[in-house]
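Student: Same order as they appear, the protein sequences are chains F and U.
Those letters in the first sequence? Residues 1 to 480, per my numbering, in order.
Those letters in the second sequence? Residues 1 to 463, per my numbering, in order.
A hint or two may mislead.
To be verified - DEER-style ranges, computed between Cβ atoms:
1) N357/F with R399/U: 19 to 29 Å
2) A293/U with G242/F: 51 to 61 Å
3) E281/U with A387/F: 51 to 61 Å
4) D79/F with R78/U: 14 to 24 Å
5) E433/U with N184/F: 45 to 55 Å
6) Q112/U with T419/F: 29 to 39 Å
7) V386/F with N402/U: 27 to 37 Å
8) G110/F with N236/U: 41 to 51 Å
9) A79/U with T419/F: 51 to 61 Å
10) Q241/F with G69/U: 24 to 34 Å
11) N184/F with V151/U: 50 to 60 Å
Unchecked claim - Some chain U residues near chain F, calculated using beta-carbon distances under 7 Å:
12) L73
13) P315
14) H319
15) M385
16) A416
Stated by the list, open to error - With the C-beta cut set under 10 Å, the calculated list includes, among others, these residues of chain F facing chain U:
17) P26
18) L38
19) K64
20) V97
21) L115
22) D340
23) V356
24) A430
25) M435
26) T441
27) K467
Because the hints were derived from the structure by calculation, they are not lab data.
These numbers come from a predicted model, not from an experiment.
Backbone N, C-alpha and C define an ideal beta-carbon position, used for all residues, glycine too.
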Amino acid sequence: MVPPVLVKKGHKMSDTFDVVVIGAGPGGYVAAIRAAQLGLKTACIEKRETLGGTCLNVGCMPSKALLHASHLYDEANHDFEKFGLSVKGLDYDIEKVLATKDETVKGLTGGIEFLFKKNKVEWIKGAGKFTGKDTIEVALNEGGSRTITAKNTIIATGSDVANLPGVEIDEKTIVSSTGALELNPVPKSMVVIGGGVIGLELGSVWRRFGSEVTVVEFMDQVLPGMDMEVRKNFGRMLKKQGMTLKLSSKVTAVEKTGKGAKVTFEPVKGGDATTLEVDVVLVSIGRRPYTDGLGLETIGVEMDERSRIKIGHDFSTNVPGVYAIGDVVEGPMLAHKAEDEGVAAAENIAGLTGYVNHDVIPGVVYTYPEVASVGKTEEELKEAGVAYNAGKFPFTANSRAKANLATDGFVKILADKETDRVLGVHIIGADAGNMIAQAATAMEFGASAEDIALTCHAHPTETEAMKEAALAVHKRTIHM
Amino acid sequence: MKTINCKVLVLGAGPGGYVAAIRAGQLGLDTVIVDGQAPGGTCLNVGCIPSKALIHAADEFEKSMHFTGENVLGISVRAPSIDLSKTIEWKDSIVKRLNSGVAGLLKKNKAQLVKGWGKMVDGKTCLVATDEGDVTIKAENVILATGSVPVEIPSLPFGGNIISSTEALSLDGVPEKLVVIGGGYIGLELGTAYAKMGAKVTVVEAAERILPQYDADLSKPIMASLKDLGIEVLLNTKAKAANEDGTALTVETTDGDKTLEASKILVTVGRRAKTEGFGLEELDLTMNGRVVAINDKCETSMTGVYAIGDLTGEPMLAHRAMAQGEMVAEIISGMNRTFDKVSIPAVCFTDPEIVTAGLSPEEAEAAGYETKIGVFPFAANGRAMTMEAETGFVRIVARKDNHLVLGIQAVGKGVAELSAAFSLALEMGACLEDVAGTIHAHPTQSEGFQEAALKALGHALHI
Ligand SMILES: Cc1cc2nc3c(=O)[nH]c(=O)nc-3n(C[C@H](O)[C@H](O)[C@H](O)COP(=O)(O)OP(=O)(O)OC[C@H]3O[C@@H](n4cnc5c(N)ncnc54)[C@H](O)[C@@H]3O)c2cc1C
Ligand SMILES: Cc1cc2nc3c(=O)[nH]c(=O)nc-3n(C[C@H](O)[C@H](O)[C@H](O)COP(=O)(O)OP(=O)(O)OC[C@H]3O[C@@H](n4cnc5c(N)ncnc54)[C@H](O)[C@@H]3O)c2cc1C
Numbered sequence: 001m002v003p004p005v006l007v008k009k010g011h012k013m014s015d016t017f018d019v020v021v022i023g024a025g026p027g028g029y030v031a032a033i034r035a036a037q038l039g040l041k042t043a044c045i046e047k048r049e050t051l052g053g054t055c056l057n058v059g060c061m062p063s064k065a066l067l068h069a070s071h072l073y074d075e076a077n078h079d080f081e082k083f084g085l086s087v088k089g090l091d092y093d094i095e096k097v098l099a100t101k102d103e104t105v106k107g108l109t110g111g112i113e114f115l116f117k118k119n120k121v122e123w124i125k126g127a128g129k130f131t132g133k134d135t136i137e138v139a140l141n142e143g144g145s146r147t148i149t150a151k152n153t154i155i156a157t158g159s160d161v162a163n164l165p166g167v168e169i170d171e172k173t174i175v176s177s178t179g180a181l182e183l184n185p186v187p188k189s190m191v192v193i194g195g196g197v198i199g200l201e202l203g204s205v206w207r208r209f210g211s212e213v214t215v216v217e218f219m220d221q222v223l224p225g226m227d228m229e230v231r232k233n234f235g236r237m238l239k240k241q242g243m244t245l246k247l248s249s250k251v252t253a254v255e256k257t258g259k260g261a262k263v264t265f266e267p268v269k270g271g272d273a274t275t276l277e278v279d280v281v282l283v284s285i286g287r288r289p290y291t292d293g294l295g296l297e298t299i300g301v302e303m304d305e306r307s308r309i310k311i312g313h314d315f316s317t318n319v320p321g322v323y324a325i326g327d328v329v330e331g332p333m334l335a336h337k338a339e340d341e342g343v344a345a346a347e348n349i350a351g352l353t354g355y356v357n358h359d360v361i362p363g364v365v366y367t368y369p370e371v372a373s374v375g376k377t378e379e380e381l382k383e384a385g386v387a388y389n390a391g392k393f394p395f396t397a398n399s400r401a402k403a404n405l406a407t408d409g410f411v412k413i414l415a416d417k418e419t420d421r422v423l424g425v426h427i428i429g430a431d432a433g434n435m436i437a438q439a440a441t442a443m444e445f446g447a448s449a450e451d452i453a454l455t456c457h458a459h460p461t462e463t464e465a466m467k468e469a470a471l472a473v474h475k476r477t478i479h480m
Numbered sequence: 001m002k003t004i005n006c007k008v009l010v011l012g013a014g015p016g017g018y019v020a021a022i023r024a025g026q027l028g029l030d031t032v033i034v035d036g037q038a039p040g041g042t043c044l045n046v047g048c049i050p051s052k053a054l055i056h057a058a059d060e061f062e063k064s065m066h067f068t069g070e071n072v073l074g075i076s077v078r079a080p081s082i083d084l085s086k087t088i089e090w091k092d093s094i095v096k097r098l099n100s101g102v103a104g105l106l107k108k109n110k111a112q113l114v115k116g117w118g119k120m121v122d123g124k125t126c127l128v129a130t131d132e133g134d135v136t137i138k139a140e141n142v143i144l145a146t147g148s149v150p151v152e153i154p155s156l157p158f159g160g161n162i163i164s165s166t167e168a169l170s171l172d173g174v175p176e177k178l179v180v181i182g183g184g185y186i187g188l189e190l191g192t193a194y195a196k197m198g199a200k201v202t203v204v205e206a207a208e209r210i211l212p213q214y215d216a217d218l219s220k221p222i223m224a225s226l227k228d229l230g231i232e233v234l235l236n237t238k239a240k241a242a243n244e245d246g247t248a249l250t251v252e253t254t255d256g257d258k259t260l261e262a263s264k265i266l267v268t269v270g271r272r273a274k275t276e277g278f279g280l281e282e283l284d285l286t287m288n289g290r291v292v293a294i295n296d297k298c299e300t301s302m303t304g305v306y307a308i309g310d311l312t313g314e315p316m317l318a319h320r321a322m323a324q325g326e327m328v329a330e331i332i333s334g335m336n337r338t339f340d341k342v343s344i345p346a347v348c349f350t351d352p353e354i355v356t357a358g359l360s361p362e363e364a365e366a367a368g369y370e371t372k373i374g375v376f377p378f379a380a381n382g383r384a385m386t387m388e389a390e391t392g393f394v395r396i397v398a399r400k401d402n403h404l405v406l407g408i409q410a411v412g413k414g415v416a417e418l419s420a421a422f423s424l425a426l427e428m429g430a431c432l433e434d435v436a437g438t439i440h441a442h443p444t445q446s447e448g449f450q451e452a453a454l455k456a457l458g459h460a461l462h463i
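When you get a sec, could you build the whole thing from the sequences and use the hints?
Tutor: Below, the structure is given as C-alpha cells:
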C-alpha cells in the first residue's frame, strides 16, 4: 500500500495521482473518499459546480425533500380530522418549499466538499476525457485545461435522463425529473410518462400539491421490475389517492401548445388514441448510462449492448488500471449500489478485497406508503424454477400501523421451500424504507424465515409485521 | 358449578397470555384463557397501543402548530385546534378493534376465552368468577400471565386528580397544568404528548437525570427536546404530598420544599408485578424478590406451572411477554425451546425516540469486554436532513478483539423502526464488518447504522 500523501492547501499540486475518479456522484465521491482513506493520492474530476452528482443535485435528495414537504401538507389536508385535529386555512407557499429543498441540497453538496477536504481528495473542476490509458485531459470550468496522469482511474460518470425520440425537453413545459424538481407555479394538470420509481415519486409530489396527475405506463402495472403483487396493490393505492393511471398504454405524440402540451397515447394492443392537454409533461421513462465525451473509444474500453461499461467482479474494465462503477455499469441505478461499488473499487485498487453482493441490494420508492424490496420477486423465482414459500402479513393487523392510521400495505417474505432461506422481501408500508434494512441484513447472513421469526421485535412497531410475515411462511401467524 | 377440563390454562390475556393461548391453540392443545377485562391486557387497553395512538395524534397536532409560524417548508395554517374527546374516541375505537381482534384470533385458534377474575386454588385448579357464576377450570399446565399494575406512592394514593397512566389515556380535556411524577419512559412519553397538545407540563424526578435506565448520551437529546417543548424538568426532586383536592403538589428539592400547581398529577414511578388477588399465595412459588422466579424455560418452582411477562419482572415489555408466551406454548406441546434472546430491544417513544438493543457501552465494559464504539450522527444523514430529523445518532458497541457486535443504540426521529435491524444483527452474531458490508438503501436513516459500523472500524464515509 502507498503511504499517505499530505497535500497542503494552496500549494501547487502535482499532476500524478494514484487514483483519479471521474464523476462525483455517490459512486465517485465515495470511491474518492475511500481511496484517500486508504492512503492513496486521489483526485476527483467533476464538471458540475457542486459535488454529489445526480443523487444530491437533481435526484434522491431534492426529490425526498419535496416528498417530505408535500406529504406533511397532504396529511394535514386529509388525515388530521380523524385524530380530532382541525386546521383552518391550510396552505403552502411553493417558493418556500422549493427554497428549502435548495437549502437542503446546498447543505449536502457542501458537506461533500468538506469531506473531500477532510480526506484530502483534490477536486478538479471540469470535464475529464481520456487521452491515453493513464492520461486524462480536463477541460477546466474556469477555462483552460489540465492534463493529469493516473495510475488508476475509476469511471463514475453516472447516468442521464433518457428521452422519447422526437420529444424535446425544455424543462418548463416538457420536463425531465430535473425540471420536475423546480415547477413553479404548481401545474394544474400533469401527465407523467413512465410509471417507474421516479415518475411515481414526482407525480405524487405534485398530486399532493393539487395537480391532477395522469400516469401513462407502457407495462400492465406500475413499477416495472418489482414484485407483481406489490405492483398491483400499489397501483390501486395510487388510484385511491387520486392519481389516474393509464396502463398498457404507449405515448405516440407529445406536442407543445400555447398553454401547455398535448399528449397522445393509445393502448399497447392497439385501439383508439386519447389526447390530453395538460400544463406540464414529465418524461420519466428511465435513465441511460452517461459516457459522452469521455474518450472511451480512444483507449478501447469495452461496452455492453446497452451502452454500459463492461466490468469484472472487481470493477475492472478490459483496460488495465481503469475501473467503472455506479449507474454507468450494469445493475440497478441506485445511489447505495453506486456507493458500495465505489468503496469496493477503491479497496481493490489499494490491494484489499472489495466485493459487492449484487443479490442483496434493497430498493425503495418514497411515495406514501413507501415501497421497498430486496432480493428476488415471485416472478423471478418462478422463472428460475425455485420452489418457495410466501409469507404475507398486512399492516391492517399491525397495531403500530393502526395507531398511526397507516394500515395500507403488507410485508411479504419469500423463502426457499426446502431450506427456508430468505430469498426476497417486499414491503408496502409507511416506513418500508427503514424496515428493508433488516431484510437486507437477514439476507446477507443467509438467514432463514425462522431466524427472523425468532428475533424479538419491539412492540409496538411496524417491524412486527416482518416477524409475522416470517411466521406466515410457516403458516403460523399470531396476529392474523 | 361448571367445570372445564383442559390441557393449558392461561391466566391473564395480556400480550404474554393471549399469544401463549393462540400458539397453544395452533399446536392443537386444548386451551382456556381467563381475563376479567377485555382481552389484550395492559398493552392493548391502557398501555402501549393507546399511548402510542395519543402520541401520534399529539405529534400531528404539533406539526400543525409548527405550520402556524414561519417554517422552512412553506406550509401555513390558521389556529389549529384539538378536540381531545374526539381524539380519545378515535383511540378507544382502535382499542376496541384490537380487543375484538384478539378475541377473534383466540376463537380462530380454538382457545376458549372465559371472562372473569380467576383465583388459583392449587397448581392445577383455577376458580373463575364469571357473570354466569363461578367456573372451575382444571388444567394439566398453567401459564400465569397476570402482568403488572402501576406503582402507587403511599403519600399520594390514586384518586381524583392524582392519576396513573391508565387515567391519563382517557382524560376528557387537555389539562392546563400537568405534573408528572417520575421521569421514566411512560411519564415522559405521556408528558411529551400532553405538552404537544398544549398542557404546561412539569416533570418531577428524584434521580439526578431523566430516563435513568439509559446512559446520559441517549437521554441528552430527550432532555433538550423537553426543554424545547417548554416542559420543566425538576431533577433531584421528590414528590411529597398533594393538597386535599389534588390541585397542588409539594415537592422536596435540593433547596427546600416547593409547591407546584396542578390540574392533574400523573404518577408514573414504575410498575410492579401483579402478585396478589389471584391466589398466588396458595401456590407458594419461589419468588425472585417481588416477582415470580423463572428459569430459561419460564418454569416456576412448581412443575406444570409457568409464568411469563411482567409478572416475572424486568424488562417489562410487551414483546418480551409475547416471546415468552409463544415459547411456553411450544414447550408444553413438547418442543425443546429455551429463552435465549441475545436482544430484547427497548423503545422509548419520546420525541426523538430511543432504541436500545443488546449491551450499552457501560454494560459491555462491566461484562469485561474491551470495546470499539462507533457513533454516527443523523446530522450527517441525508434522509434525516430532508425530514427535519437531524437530532440524534446511531451507536454501535463491538468487541475490540473480534469485532462482534454487542449492542446497538439509537436516538432520533422514527428510530423505533430501526430496532428490528439492530436485533436481527445481534441475533445473527454480526461483526462490524457484516453491518458495514450490508448495502443499506439510500436515502434512509438506516444508513446511519452502516456508517456507525464503518466509524467503529475507523473509516466512516460521511463524517
Ligand atoms: C429524480 C431522481 C430520484 C432518485 N432517487 C433515488 C433514491 O431515492 N434512491 C436511490 O438509491 N437512487 C435514486 N436515484 C438514482 C441515483 O441518483 C443514481 O443511482 C446515482 O446518483 C448514481 O450515482 P453515480 O455516482 O453512478 O452517478 P451520478 O450521480 O449520475 O454522478 C455522475 C457525475 O459524473 C459527472 N460527470 C459525468 N461525466 C463527466 C466527465 N466527463 N467529467 C467530469 N464529470 C463528469 C456528472 O456531472 C455527475 O455529477 C434517483 C435519481 C433521480 C433522477
Ligand atoms: C402507559 C404504558 C405504555 C407502555 N408502552 C409500552 C411500549 O411501548 N412497549 C412495550 O413493549 N411495553 C409497553 N408497556 C408495557 C406493556 O404494556 C407490558 O409490558 C405488557 O402489557 C405486559 O404483558 P403481560 O401479558 O405480562 O401483562 P398485562 O398486559 O399486564 O396483562 C395481564 C392481564 O392479566 C389480567 N389479570 C390479572 N389478574 C387476573 C386474574 N386474577 N384473573 C384474570 N385475569 C387477570 C389483567 O386483567 C390483564 O389483562 C407500556 C405500559 C404502560 C402502562
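Student: Look at each hint and say if it fits the structure.
Tutor: Checked hints:
no.: 1; hint: N357/F with R399/U: 19 to 29 Å; result: holds, 24 Å
no.: 2; hint: A293/U with G242/F: 51 to 61 Å; result: holds, 58 Å
no.: 3; hint: E281/U with A387/F: 51 to 61 Å; result: holds, 55 Å
no.: 4; hint: D79/F with R78/U: 14 to 24 Å; result: holds, 18 Å
no.: 5; hint: E433/U with N184/F: 45 to 55 Å; result: holds, 47 Å
no.: 6; hint: Q112/U with T419/F: 29 to 39 Å; result: holds, 37 Å
no.: 7; hint: V386/F with N402/U: 27 to 37 Å; result: holds, 35 Å
no.: 8; hint: G110/F with N236/U: 41 to 51 Å; result: holds, 43 Å
no.: 9; hint: A79/U with T419/F: 51 to 61 Å; result: holds, 60 Å
no.: 10; hint: Q241/F with G69/U: 24 to 34 Å; result: holds, 29 Å
no.: 11; hint: N184/F with V151/U: 50 to 60 Å; result: holds, 57 Å
no.: 12; hint: L73; result: holds, 5 Å
no.: 13; hint: P315; result: violated, 10 Å
no.: 14; hint: H319; result: holds, 4 Å
no.: 15; hint: M385; result: holds, 5 Å
no.: 16; hint: A416; result: holds, 5 Å
no.: 17; hint: P26; result: holds, 7 Å
no.: 18; hint: L38; result: holds, 8 Å
no.: 19; hint: K64; result: holds, 4 Å
no.: 20; hint: V97; result: holds, 4 Å
no.: 21; hint: L115; result: holds, 7 Å
no.: 22; hint: D340; result: holds, 5 Å
no.: 23; hint: V356; result: holds, 7 Å
no.: 24; hint: A430; result: holds, 9 Å
no.: 25; hint: M435; result: holds, 6 Å
no.: 26; hint: T441; result: holds, 5 Å
no.: 27; hint: K467; result: holds, 8 Å
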